[in-house]
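Take a look at the letters that make up each chain.
Number of protein chains: 2
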Amino acid sequence: MATGANVKRTEHLDAAFAPGSVAVIGAGPATAGRFYVESLQASGFAGPIYPVHPDGGQLLGLPIYRSLGDIAGPVDLAISCIPARLVPGLVRECAAKRVKALSMFTSGFSETGRETGRALEDEIVRMAREGGVRLIGPNCMGIYSPRCGVSFVPDFPRNAGGVALVCQSGGNAIYLVRLAAERGIRFSKVISYGNACDVNESDLFEYLAEDGDTSLVTAYIEGVKDGGRFQEVLGRLAARKPVVVLKSGTTTEGARTASSHTSSMAGSDRVWSAVLDGAGAVRVDTLYQLVDMMVTFQFLRPVKGRRVAMVGGGGGASVLATDACVSAGFSLPAIPSDVSRAMRSKLDSDAGLILTNPIELNLSPEVTHAMARTMLQHEGFDLMLANCVFGQHPWTPFDVWFDLFCDTIVRVYPEVDKPVAVAIESVLTNQEQHFAALRRRYVEARVPVYYSMADACLAVDRYLRYHEARGGASE
Amino acid sequence: MATGANVKRTEHLDAAFAPGSVAVIGAGPATAGRFYVESLQASGFAGPIYPVHPDGGQLLGLPIYRSLGDIAGPVDLAISCIPARLVPGLVRECAAKRVKALSMFTSGFSETGRETGRALEDEIVRMAREGGVRLIGPNCMGIYSPRCGVSFVPDFPRNAGGVALVCQSGGNAIYLVRLAAERGIRFSKVISYGNACDVNESDLFEYLAEDGDTSLVTAYIEGVKDGGRFQEVLGRLAARKPVVVLKSGTTTEGARTASSHTSSMAGSDRVWSAVLDGAGAVRVDTLYQLVDMMVTFQFLRPVKGRRVAMVGGGGGASVLATDACVSAGFSLPAIPSDVSRAMRSKLDSDAGLILTNPIELNLSPEVTHAMARTMLQHEGFDLMLANCVFGQHPWTPFDVWFDLFCDTIVRVYPEVDKPVAVAIESVLTNQEQHFAALRRRYVEARVPVYYSMADACLAVDRYLRYHEARGGASE
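So the sequences go chain by chain: A and B. Residue numbers are given in our numbering: position 246 of the first sequence equals residue 246, and the series is strictly consecutive. Residue numbers are given in our numbering: position 398 of the second sequence equals residue 398, and the series is strictly consecutive.
In case anyone wonders, no lab produced these hints; they're calculated from the structure. Please note that a few of the clues may not be correct.
Computed from the model, here is a short list of chain B residues facing chain A with C-beta under 10 Å [unchecked claim]:
hint, residue
1, 32
2, 168
3, 285
4, 288
5, 321
6, 324
7, 404
Glycine included, C-beta positions come from ideal geometry on N, C-alpha and C.
Pulled out of the complex, with its shape left as it was, chain A reads as follows:
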């Protein structure tokens, strides 16, 4: 094994993401450690879980070991929930026990801005490198690796998917996984890496470039410590897989906040733009946009152009949705005459039917289905966007029409190969469960769902630009 400055930067990351056994250090009954044990159990971790606490006893049906050294079997991953001052001793024990990675929930290091915290962090890094232990954090939530039953939150999905998330903030990691889960996203590997004293974003990007389980890499980054290496690694990664990055700390005061959060040097926003653009990474501005890009890269079918057939909405909602769509660079061509003819032939009477784009397909299920299929098969349209705005209708409490429309889309989607995206927006907060169920139906049909037409258009535009930059002859 490589040690010291020559350590291979992805060394032991396999063991961290797929440990055979996990020890939780500081796992008393009323500690953060207890919740790590609970999360591992809830996530179906199959290997041994070893709670460690000097008081001993039992925790969640498991015997508590008084020290790491007391554990008979090997330990691949240790999770530290003990005070910062005790961590150097723990690193020493980990080295002796040949623990491969130590993930540290423990805070109180360089992020405090105090010399003592910084010195303590330097000390554990030196000890870990000498001892061949990789450090994750400190001041982080650590690893969520659903294929292997590793998690730091009990309610995260147990099934895995193709998205990796490299997230400097633990709170944002939790928020993002929960938000993405509602929208059908499942993860290959998520890592909250905090102060990044040893394992950092560049190591993780390098690792994920080779990871067969990961098809999309997303990241929330407050700052990097070695900009040159980051640029190089990002370039290699982005050449192989799409990369989406939310960079925070872009303002002077945001950077100061980042520094007191994860001791990050945020760096100039202009430099970041140049680095991300140069590598062909997609840059986003909010957590919601980051999830929108996960949904888009995972679920949106290939898009060949910008000619939109828009359905749904209703008067004023359609006007606003049209503005949002056109502002994002799309066009809404008039309904072609052969489509109009085909549609009119489906109706007993065309009285009052206004065949414009956007179109309100507020008709019988059979006619709505036939019309949606006709529009999706027409060479004049590149994609369909559906705008479902709940709360605009005066007297139908559940806006029943959007449920019927969902039937149509779920039925027509496998019959065509054009891309479809759906925006579900609602003002009826007391009906949230109803919309959640509707979202789930689209998610199960693998139709990408967004929270507004503006969000959908922004995401599809970024997706198109990503592919245009790769496909263009001049590139």
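The hints should help you fit chain B onto chain A, whose structure is shown.
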């Protein structure tokens, strides 16, 4: 009464907003008219409600009249839910009955883009002007006037407030009232005016400038028919009351959609910006921003500057909130040393307490209250922004801390006179009722609440610019 081209443009609007009696034309058991009757009953309309339908019978406990002429008493407001081709006859009956205003849910006029529809609309306008009847719509929801129990939706709040909404789209009017209601906004008068064949946005602005019940005028406009008059009326209105406008149809295709929605000529976006800026109106881009400005003008205390004390959040959420706040033109000064001293004196130990701005006041209720008060009373801060992001915490399902923090704000707010704004953002859609209850507590304390820190900062920035433009010596 003025008739013909000399009609006073605000004539009869008093009667439309405060009718002594209402007739609903086309009020059979399974018609839109039925829902108008239901809405009037649910909203506590005190005068007589007359359903009219050729079949006669009973509806919701009321006798159905076979024609308008059969009603014995006077009728101030009539609501048309009959087909377009029957409307000319109805206008004639209204004139004979001396009905003051006819609001038309009926569509099928100029918005169809067909010559027949346009001609029909011209005809009813001519007849109404000759007969002294004001027309609202057609193709609209009409009037919500809670002080007088007039409504087009049964679930709108029955109590009134100071905000007027002039909304060309009925769906958007419904969405906006429901959204605003959740955030504590109550209305003086709301009007969905559709095709604006007679009563238009300029008439309504002229009327609302004089309306003692209205302190803030908000509007969703797809297009105006007489730009010169609009500019003049808007100038007079904006000189007296704040005006917030969402202009849609800003793109070519959005304008086409607006035309097929309410037959509006959308007009150049550049011209609109010049007109709104010139008058000192606040322009917004989305329905959500329109409600954010209602909340801000109604609830935010006067703001003297841009120095923010930010509380709440947590690591990554605070970094993003800081970026949003600074990007919107605010500053987050360091915690002044006298505040730090005062805060440290409240604590047994300052171990681990990082006194930065944003600050996580995750302490005992007494200490949190004392700290919030100290910060709010300090001359170094102009306002406090609280960032409550649910779903970032790993193991506290209800993010209990934000409830405790709400206790603090509700308690400290009456003790100080500085402005406070709260952003409540959540990823936990299954807990919507919990957040709704939390929002209600702030709303009841008259603390302005937003859906994200970025939304809050954008709204407060617009509010400050509005006042700066008026207060500046050079204006």
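Hint by hint, here is what the structure shows:
no. : hint : in the structure
1   : 32   : 8 Å, holds
2   : 168  : 7 Å, holds
3   : 285  : 9 Å, holds
4   : 288  : 9 Å, holds
5   : 321  : 8 Å, holds
6   : 324  : 8 Å, holds
7   : 404  : 18 Å, violated
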